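Peer 1: One line per chain: the protein sequences are A and B, in this order. Under the working numbering, think of the first position of the first sequence as 1, with each following residue one higher. Under the working numbering, think of the first position of the second sequence as 1001, with each following residue one higher.
Simulated from the structure, these hints should not be mistaken for laboratory data. Fair warning: this is a prediction, and the values are worked out from it, not measured in the lab. Careful, some of the hints might be misleading.
Claimed, not checked - Computed cross-link-like contacts, SDA-like style, restricted to lysine to any residue with a CA-CA straight-line distance of at most 25 Å:
{"hint": "1", "chain 1": "A", "residue 1": "K350", "chain 2": "B", "residue 2": "V1166"}
{"hint": "2", "chain 1": "A", "residue 1": "K221", "chain 2": "B", "residue 2": "P1124"}
{"hint": "3", "chain 1": "B", "residue 1": "K1165", "chain 2": "A", "residue 2": "Q343"}
{"hint": "4", "chain 1": "A", "residue 1": "K221", "chain 2": "B", "residue 2": "F1056"}
{"hint": "5", "chain 1": "A", "residue 1": "K350", "chain 2": "B", "residue 2": "G1159"}
{"hint": "6", "chain 1": "A", "residue 1": "K221", "chain 2": "A", "residue 2": "H235"}
{"hint": "7", "chain 1": "A", "residue 1": "K350", "chain 2": "B", "residue 2": "N1136"}
{"hint": "8", "chain 1": "B", "residue 1": "K1165", "chain 2": "A", "residue 2": "K43"}
{"hint": "9", "chain 1": "A", "residue 1": "K350", "chain 2": "B", "residue 2": "L1154"}
{"hint": "10", "chain 1": "A", "residue 1": "K221", "chain 2": "B", "residue 2": "S1123"}
{"hint": "11", "chain 1": "B", "residue 1": "K1165", "chain 2": "A", "residue 2": "A194"}
{"hint": "12", "chain 1": "A", "residue 1": "K221", "chain 2": "B", "residue 2": "V1128"}
{"hint": "13", "chain 1": "A", "residue 1": "K350", "chain 2": "A", "residue 2": "K221"}
{"hint": "14", "chain 1": "A", "residue 1": "K183", "chain 2": "B", "residue 2": "M1077"}
{"hint": "15", "chain 1": "A", "residue 1": "K10", "chain 2": "A", "residue 2": "M86"}
{"hint": "16", "chain 1": "A", "residue 1": "K221", "chain 2": "B", "residue 2": "S1126"}
{"hint": "17", "chain 1": "A", "residue 1": "K350", "chain 2": "B", "residue 2": "F1056"}
{"hint": "18", "chain 1": "A", "residue 1": "K350", "chain 2": "B", "residue 2": "L1163"}
{"hint": "19", "chain 1": "A", "residue 1": "K350", "chain 2": "B", "residue 2": "A1155"}
{"hint": "20", "chain 1": "A", "residue 1": "K43", "chain 2": "A", "residue 2": "T32"}
{"hint": "21", "chain 1": "A", "residue 1": "K350", "chain 2": "B", "residue 2": "G1105"}
{"hint": "22", "chain 1": "B", "residue 1": "K1165", "chain 2": "A", "residue 2": "M86"}
{"hint": "23", "chain 1": "A", "residue 1": "K221", "chain 2": "A", "residue 2": "V368"}
{"hint": "24", "chain 1": "A", "residue 1": "K109", "chain 2": "A", "residue 2": "H94"}
{"hint": "25", "chain 1": "A", "residue 1": "K350", "chain 2": "B", "residue 2": "K1165"}
{"hint": "26", "chain 1": "A", "residue 1": "K221", "chain 2": "B", "residue 2": "T1131"}
{"hint": "27", "chain 1": "A", "residue 1": "K221", "chain 2": "B", "residue 2": "F1055"}
{"hint": "28", "chain 1": "A", "residue 1": "K350", "chain 2": "B", "residue 2": "A1021"}
{"hint": "29", "chain 1": "A", "residue 1": "K221", "chain 2": "B", "residue 2": "A1053"}
{"hint": "30", "chain 1": "A", "residue 1": "K10", "chain 2": "A", "residue 2": "A83"}
{"hint": "31", "chain 1": "A", "residue 1": "K183", "chain 2": "B", "residue 2": "L1076"}
As the list claims (entries may be wrong) - Derived contacts from chain A toward chain B, CB cut-off under 7 Å, selection only:
{"hint": "32", "residue": "G152"}
{"hint": "33", "residue": "F153"}
{"hint": "34", "residue": "F161"}
{"hint": "35", "residue": "L168"}
{"hint": "36", "residue": "N181"}
{"hint": "37", "residue": "L197"}
{"hint": "38", "residue": "I201"}
Just so you know, even glycine gets a beta-carbon here, dropped at the ideal spot from N, CA and C.
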Amino acid sequence: MTANTLRQTKTIQAGQIVSGTVITFVIIGAITLLAHLPWGWTKPVTSFIANYPLLNAFVSAFIVANVVALQCLVLIWIERKFAGWMQARVGPMHVGWKGTLQTVADAVKLLLKEDIVPADADVPMFALAPYLVFIPSLLTFMVLPFTSAWVGFDYSLGALFVLSISALSILGVFAAGWGSNNKYSLLGGMRAVAQLLSYDIPLILSVLSVVMLSGTLSLTKIVEQQSSGWNIVRHPFLMIPAFVMFIICTLAEVNRTPFDLPEAESELVSGFHTEYSGMRFAFFFLAEFANNFFSGGLAATLFFGGWLGAGLPAALWFTLKTLLVICLMMWIRWTLPRLRVDQMMSFCWKILVPAGMALICATALATVGH
Amino acid sequence: MNQAASMIAFYSLAALTLIPALFVVNSRSIVHAGFWLLPCFLGVAGLYAALEAHFFFVTQLMIYAGAIMVLILFALMLTRNAMDPSAPQHNKFRPVAGLICGAFGLLASWALTQHAWQITDQSPQSAVEQTTALGNALIGMYAVPFEVASLLLLAALIGAIVLAKVERGPAPETAPLADLEAIHTLE
């Protein structure tokens, strides 16, 4: 790269930073204004819905499902722009302003594509797998508190529930790997099962340390307790290691580089979803980005005080914190190369699990006085 | 919850548990059989939820539907001939087995009807109280059985590793690029 093109790249990057910041502030201002409009006229509708538990559950589920689907479109656009920025290119530019409609076009393309089932596939498993992956990631959103009021179901065992539900998506990955009847898919599926199973343990340990500090399993209560200060600020010596461990494990859980061994484009031709096309492939992608958003949201809830914050609407605070955590994950993704399988396993079992145990002991010692 | 709704919930969850259980034993492909276990476990979890045993509901999801399922599937993947649709599903002891199972089923249902089950009108404790009570019991009154169970699991783990570990001699020394040289000599 000559000095001239380097300078041009730097200028483009500076321009992107400035315009990105301006756009962010404009969006934040618009949403804040919107939140301060008089919404009193919706009161009869919301109270009518709240009177009927089944209708209430249906409306909540409908909103959650749509939020999950739509945030996926936005996240993919952000991811591609982010990747472009980190690799000194511009990313999608042509469809819509700055490529904003690119993911919409991609989604429409995926919906219209032919759905191919390989001749030798194990058809029921092949057909079922995308939904087995997607349903658990949708269910996790049910208990994720966007604000104290905006939560599908305020479950008092929420932290435990999300951990157990998100572990179920392993089965879908396995079904995809097995059902495709393709050696690369099967290898990807086996890697995925080993990886997800192993990294579940340190993930649970890191969440457990937060639960021990808060003394509650309810996600909304964990946030409410942070009104005197975020967990990561109040107990930095415990919570910063817990957060690092959490981020590493979530990267492994959502199959992102450096833990993208189950997909591994260059060695397994994208692993367990090699044989998928059309709508079923879209479901895998949807699940991945839904998991991604959920992991960011869980990190914001556990460590950064969830919806708590001054000035802006609570849901906006939550979304901003979530997006920042997601950006951190994208930063790691586009910086680090992929691990080897043996490195991935030994790192989990020889470093993360003992570190998690030590963290639990330290948290127990710290909370013993309370 | 009113009577009719709880009856509907119970019978639909029982169907969700039992019908897949039939498919588990009758499925030709052993991987399919493994996957039929999932609705079975979910049905049991649903029964716990209907009884408002929240901690058991979540634990059932995590341990059975999550961990045990994956364990079974992992074992299937490492098994040779996991997919053999032509393998016979029955052997000559089929009538005897049916007789024993039927007799045991009759005996069990007779025994269960003999006991006077007490039904209370009180609603269960809240999820938080249940979980606290269970935690206190596990590290208080039942600490010793709990530790013994974990010791047993540890012993099983170590035993499995010892059994599975095969002593291998050092790998045979091959010169670098030996196979390439062999090809050259062939040419």
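Peer 1: Hints first: check each against the structure and report whether it holds.
Peer 2: For each hint, the structure was consulted:
A hinted pair counts as satisfied when its Cα atoms are at most 25 Å apart, and K350 of chain A with V1166 of chain B qualifies at roughly 22 Å. Of the supplied pair hints, the one linking K221 of chain A and P1124 of chain B holds, its CA atoms being roughly 22 Å apart against a limit of 25 Å. With a CA separation close to 20 Å, the supplied pair K1165 of chain B and Q343 of chain A stays within the 25 Å bound. With a C-alpha separation of about 21 Å, the suggested pair K221 of chain A and F1056 of chain B falls inside the 25 Å cut-off, and the hint holds.
Among the hinted pairs, K350 of chain A with G1159 of chain B is consistent with the structure: their alpha-carbon atoms are about 20 Å apart, no more than 25 Å. A C-alpha spacing of about 17 Å is found between K221 of chain A and H235 of chain A, which places the hinted pair at or below 25 Å, so the restraint holds. Using a Cα cut-off of 25 Å, the hinted pair K350 of chain A and N1136 of chain B is violated, with the two alpha carbons roughly 31 Å apart. Among the hinted pairs, K1165 of chain B with K43 of chain A is inconsistent with the structure: their alpha-carbon atoms are about 67 Å apart, more than 25 Å.
Distance check on the hinted pair: K350 of chain A and L1154 of chain B sit about 17 Å apart at the alpha-carbon level, within 25 Å; holds. Between K221 of chain A and S1123 of chain B the CA atoms are separated by roughly 24 Å; this keeps the pair inside 25 Å, and the hint holds. For the suggested pair K1165 of chain B and A194 of chain A, the alpha carbons sit about 19 Å apart, so the restraint of at most 25 Å is met. A C-alpha spacing of about 12 Å is found between K221 of chain A and V1128 of chain B, which places the hinted pair at or below 25 Å, so the restraint holds.
In summary, the hint linking K350 of chain A to K221 of chain A is not supported, as the alpha carbons are separated by about 33 Å, beyond the 25 Å threshold. Between the alpha carbons of K183 of chain A and M1077 of chain B the distance comes to roughly 12 Å, so the proposed pair stays at or under 25 Å and holds. For the proposed pair K10 of chain A and M86 of chain A, the alpha carbon gap of about 11 Å is at most 25 Å, so the pair holds. Our distance criterion of 25 Å between C-alpha atoms is met by K221 of chain A and S1126 of chain B, whose separation comes to about 15 Å.
Using a Cα cut-off of 25 Å, the hinted pair K350 of chain A and F1056 of chain B is violated, with the two alpha carbons roughly 31 Å apart. Restraint check for K350 of chain A and L1163 of chain B: the C-alpha separation of about 22 Å stays at or below 25 Å, so the hint holds. Restraint check for K350 of chain A and A1155 of chain B: satisfied, since their Cα atoms lie roughly 20 Å apart, inside the 25 Å limit. Pair hint K43 of chain A plus T32 of chain A holds up; C-alpha atoms about 20 Å apart against a cutoff of 25 Å.
For a cut-off of 25 Å, the pair hint linking K350 of chain A to G1105 of chain B is broken: about 48 Å separates their Cα positions. For the proposed pair K1165 of chain B and M86 of chain A, the alpha carbon gap of about 46 Å is over 25 Å, so the pair is violated. At most 25 Å may separate the alpha-carbon atoms for a hinted pair to count; K221 of chain A and V368 of chain A meet this at roughly 20 Å. For the hint linking K109 of chain A to H94 of chain A, the alpha-carbon distance of about 16 Å falls within 25 Å, and the restraint holds.
For the hint pairing K350 of chain A with K1165 of chain B, the CA-to-CA distance comes to about 19 Å; that is within 25 Å, so the pair holds. The hinted pair formed by K221 of chain A and T1131 of chain B meets the criterion: a straight-line CA distance of about 16 Å does not exceed 25 Å. Pair hint K221 of chain A plus F1055 of chain B holds up; C-alpha atoms about 17 Å apart against a cutoff of 25 Å. A hinted pair counts as satisfied when its Cα atoms are at most 25 Å apart, and K350 of chain A with A1021 of chain B does not qualify at roughly 38 Å.
Among the hinted pairs, K221 of chain A with A1053 of chain B is consistent with the structure: their alpha-carbon atoms are about 21 Å apart, no more than 25 Å. For the given pair, K10 of chain A sits about 16 Å from A83 of chain A by alpha-carbon distance, which is consistent with the 25 Å threshold. Taken as a hint, the K183 of chain A and L1076 of chain B pair is honoured in the structure, with Cα atoms around 16 Å apart against an allowance of 25 Å. Against a cut-off of 7 Å between C-beta atoms, the interface hint on G152 of chain A is violated, since the closest Cβ of chain B lies about 16 Å away.
Violation of the interface hint for F153 of chain A is found here, the shortest Cβ-Cβ separation to chain B being roughly 12 Å, above the 7 Å cut-off. With a cut of 7 Å, the hint placing F161 of chain A at the interface with chain B holds, because the nearest CB-to-CB distance is about 5 Å. Interface hint status for L168 of chain A: upheld, as the beta-carbon distance to the closest one in chain B is roughly 6 Å, under 7 Å. A distance limit of 7 Å between C-beta atoms decides the matter here; for N181 of chain A the minimum to chain B is near 9 Å, and the interface restraint is violated.
Evaluation of the L197 of chain A hint against chain B yields a held restraint, the C-beta minimum of about 6 Å falling below 7 Å. Nearest Cβ of chain B to the Cβ of I201 of chain A: about 10 Å, over the 7 Å cut. The hint is violated.
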